[in-house]
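J.: If you read the protein sequences in the order shown, they are chains A and B.
Read the first sequence against the numbering used here and you will find it ends at 552, with the numbers running on by one and no gaps.
Read the second sequence against the numbering used here and you will find it ends at 168, with the numbers running on by one and no gaps.
Don't take each hint at face value.
Stated by the list, open to error - Straight line, CA to CA, 16 Å or less: simulated EDC-like cross-link-like pairs of lysine to aspartate or glutamate:
| id | chain 1 | residue 1 | chain 2 | residue 2 |
| --- | --- | --- | --- | --- |
| 1 | B | K6 | B | D156 |
| 2 | B | K84 | B | E116 |
| 3 | A | K80 | A | E268 |
| 4 | A | K37 | A | E18 |
| 5 | B | K42 | B | E60 |
| 6 | A | K165 | B | D87 |
| 7 | A | K218 | A | E137 |
| 8 | A | K80 | A | D419 |
| 9 | A | K9 | B | E164 |
| 10 | A | K544 | A | E519 |
| 11 | B | K84 | A | D34 |
| 12 | B | K6 | B | E139 |
| 13 | A | K37 | B | E116 |
| 14 | A | K9 | A | E137 |
| 15 | A | K37 | B | D87 |
| 16 | A | K175 | A | E493 |
| 17 | A | K175 | A | E137 |
| 18 | A | K218 | A | E261 |
| 19 | B | K84 | B | D133 |
| 20 | B | K84 | A | E137 |
| 21 | B | K84 | A | E33 |
What the hints assert, rightly or not - Chain B regions said to be covered by chain A (calculated; three or more residues, Cβ under 8 Å):
| id | stretch |
| --- | --- |
| 22 | 81-89 |
| 23 | 118-132 |
| 24 | 136-150 |
Hint data in this document are derived by calculation from the structure and do not stem from the laboratory.
Values in this document were obtained by computation on a predicted structure and should not be read as measured data.
A virtual CB, placed ideally from N, CA and C, is assigned to each residue, including glycine.
Okay, here's what each chain looks like letter by letter:
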Amino acid sequence: MYRYDAIDKEFLTDRSNEFRHQVGRRLAGELSEDQFKPLRLMNGLYLQLHAYMLRVCIPYGTLNVAQVRRLAWIARTYDKGYGHFTTRQNIQFHWVKLRDAPDILDALAEVDLHAIQTSGNCIRNTTSDPRAGATAEEIDDPRVWSEAIRQWSTLHPEFSYLPRKFKIAVTASAKDRTAARVHDIGLALRQGRDGTLGFEVMVGGGMGRTPFIGQTIKEFLPATRLLSYLEAVLRVYNRAGRRDNIYKARIKILVSSLGAEEFGRQVEEEWAQIDAARADLPDTELARIRAAFIQPGLEVLPAVSDSYEAARGANPALARFARNNVSAHKAPGYAIVDVSLKAHDATPGDANSDQLEAIADLAERFSLGDIRVTHEQNLVLPHVKQSDLPALFEGLVAVGLATPNINLVSDIIACPGLDYCALANARAIPVAQSIAQRFLDADRAELVGELKIKISGCINACGHHHVGHIGILGVDKKGEEYYQLTLGGSGAEDASIGKILGPGLNADQVAPAVDRLVEVYLAERQGEERFLDTYRRIGMTPFKEAVYVDAH
Amino acid sequence: MSTLIKYTANGATEIENSFVHVVDGEPVPQGADIIVSLGRIKAEGEALLASGVRVGVQIEPAEAVEDLAELLPRLALVAVAFPKFRDGRAYTSATLLRQRLGFNGEVRAVGDVLREQAYVMTRCGIDAFVPADGSSAAEWSRAAGHFRHVYQTAADGRTPAYAEPGRR
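If we strip away everything but chain A, and leave its shape as in the complex, we get (with noise of 0.2 Å):
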């Protein structure tokens, strides 16, 4: 795990010290609301229907145990006692006062984290594999190159005031556990014929109210000249994209609009004058960084335990959490542990303070002391002996934290919607919690087998809607919310956009049409289909009819 040395601490703090200057001449009457704005939006301030809202930045969803542990003291300090995680793997705080926003800054410098564009129009956290260094589909690790990439982009001089917000996603295996392609930049490790490390290069995915798939345009970028290739793009961006209609303003309008093989060719026009010499990273920085990604702790052991072979015979919870939250890790006798934060009566992404404390005890325990977040709102303990399973389900049983349903119908992404959210059209956690309910029976939830369902309050799509299995859209119509319904998305390495299915259904109207939706895969599957898989293949029309039904 990287550790901040006095050069990134003093960094921070310097941060810290200069916004809370900030809000005192803000509360002071010397800066506007509108001056003020973009200076709190880069360190994370919202203002949103209650109050205002914290985001704190969590760098490629990597935690440490004493910053869970600070995390969890905020939230009871500074919150109603929870947290929520987000799609860009941060956690945000909901009820924050202004005046606390600089001391809670600096509580979570203490411990290394902050809120450094964790919004505005500058480059957001890049966020990567929740699984890096502890699976072995990897190339590489993501992570190396996620902090090369943190540390370029904070406080980039040139690309703080961007056309628009702007995100980066790096994935190192053939298995893309970051939504690579609907971000604004996707990297994907890829490795030369030479053995060399390179990345795939893909520009202008996006989701919101004009959702596109990223599209390549550079097969093969030597891994070395990564940010110089990144100052390229980031400068036609920063040029040539439009600033006259923020809903035309993010990279993916510019790439589409020239195509993406020109966007490409001024691409490599630019990035041919860039002083590789001053831009790229020198070699000694990177094996800096990389020595740091190196897991020390892990044991020799035999590839499998007996006594967890055993207590998974004797105990079927464990058994059935051992089927969906349990994966392989790289090194033998390990295992990766999702802990979803998706159980059928709770916020999706919401842990409260006790839950977050005993994460940070678990991971200490049982993880050497690491906690990663997902882009899916879960969190993940990436390095557990098979020998410690049974003890670490648990203590996740007792906080009720062993939700068995990763990757299941009721592991849903939702945005904050209307309960928090200013921008919002309708509830997101209300439909996620009916459809949770709805597939309480956990045999025919994992009969059903992986089934991504994604909601968004709005057009603007924080819930990933787009590329749902199943996507769920809440609008407004004439003061009534309704929700749209869209098959066929996926935000992995299959990444489409999903299509709608019909006319829109009220909030009592989802989980039921969900059932429905299940039902007709359930019939028309063959051999090891997922849902999407068999939409894919039969297509639109019997889902269709099987959810309008009755208004024939």
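Knowing the structure of chain A, use the given hints to seat chain B on it.
T.: Just chain B, lined up with the frame of chain A:
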């Protein structure tokens, strides 16, 4: 006359602004140092530059600073315009003036120029400011020099964190 803040390695100082902005279509005042538009310098460059006064050019966000490349050695300053402080295109213009076009003269920020932007402006090689918020040279100096460390190379040539001797 508006305040002009000049920023050097030793900090910021207020100096007198001797330059007059000449609006397109208006006559050029005799004997005064002038700032003209990119269009005007392209059309009347030789005459203006031969008149014996110091000449600067103002670059608007949508204009390509590269168009000035050949004239730069003869210009006293380039003014980069911020019609709104949120419009960040001038940061690229300033960066390219310093890093690519090798311009060593004054790069002046004009328009919606606020002290909150002092840090990014100076890092992009902007070294003169006409503040729109009435901030003093001392305030500007504090804002620009607030961070002890920087994470990336930029036009100001500051040593990034990775090249600092204390990096661990």
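J.: For every hint, state whether the structure bears it out.
T.: Okay, the hints, checked on the actual structure:
Restraint check: the Cα-Cα separation between K6 (chain B) and D156 (chain B) comes to about 14 Å, which is no more than 16 Å; the hinted pair holds. Taking the CA atoms of K84 (chain B) and E116 (chain B), the gap is near 13 Å; set against the 16 Å cutoff, the hint holds. Annotation: proposed proximity of K80 (chain A) to E268 (chain A) is violated, straight-line Cα distance about 50 Å (limit 16 Å). For the hint linking K37 (chain A) to E18 (chain A), the alpha-carbon distance of about 15 Å falls within 16 Å, and the restraint holds.
The straight-line distance between the Cα atoms of K42 (chain B) and E60 (chain B) is roughly 14 Å, inside the 16 Å bound, and the hint therefore holds. Taking the CA atoms of K165 (chain A) and D87 (chain B), the gap is near 13 Å; set against the 16 Å cutoff, the hint holds. Distance hint between K218 (chain A) and E137 (chain A) is unfulfilled; the C-alpha atoms sit about 23 Å from each other, more than 16 Å. Pair hint K80 (chain A) plus D419 (chain A) holds up; C-alpha atoms about 15 Å apart against a cutoff of 16 Å.
The suggested pairing of K9 (chain A) with E164 (chain B) holds, with an alpha-carbon distance near 14 Å, which does not exceed 16 Å. With a C-alpha separation of about 12 Å, the suggested pair K544 (chain A) and E519 (chain A) falls inside the 16 Å cut-off, and the hint holds. Straight-line distance between C-alpha atoms of K84 (chain B) and D34 (chain A) comes to about 11 Å, which keeps the hinted pair within the 16 Å bound. At most 16 Å may separate the alpha-carbon atoms for a hinted pair to count; K6 (chain B) and E139 (chain B) meet this at roughly 13 Å.
At roughly 12 Å between alpha-carbon atoms, K37 (chain A) and E116 (chain B) fall within 16 Å of each other, so this suggested pair holds. Of the supplied pair hints, the one linking K9 (chain A) and E137 (chain A) is violated, its CA atoms being roughly 33 Å apart against a limit of 16 Å. Restraint check: the Cα-Cα separation between K37 (chain A) and D87 (chain B) comes to about 14 Å, which is no more than 16 Å; the hinted pair holds. The suggested pairing of K175 (chain A) with E493 (chain A) holds, with an alpha-carbon distance near 6 Å, which does not exceed 16 Å.
For the hint pairing K175 (chain A) with E137 (chain A), the CA-to-CA distance comes to about 8 Å; that is within 16 Å, so the pair holds. Between the alpha carbons of K218 (chain A) and E261 (chain A) the distance comes to roughly 10 Å, so the proposed pair stays at or under 16 Å and holds. Between K84 (chain B) and D133 (chain B) the CA atoms are separated by roughly 13 Å; this keeps the pair inside 16 Å, and the hint holds. Annotation: proposed proximity of K84 (chain B) to E137 (chain A) is violated, straight-line Cα distance about 47 Å (limit 16 Å).
Of the supplied pair hints, the one linking K84 (chain B) and E33 (chain A) holds, its CA atoms being roughly 15 Å apart against a limit of 16 Å. Counting residues of the stretch 81-89 of chain B whose beta carbon lies closer than 8 Å to any beta carbon of chain A gives 5, which meets the minimum of three for the stated coverage. Only when three residues or more bring their CB closer than 8 Å to a CB of chain A does the claim for the stretch 118-132 of chain B stand; here the count is 5, and the claim holds. Here's how the stretch 136-150 of chain B fares: 5 of its residues keep a CB closer than 8 Å to some CB of chain A, so the rule of at least three is met and the hint holds.
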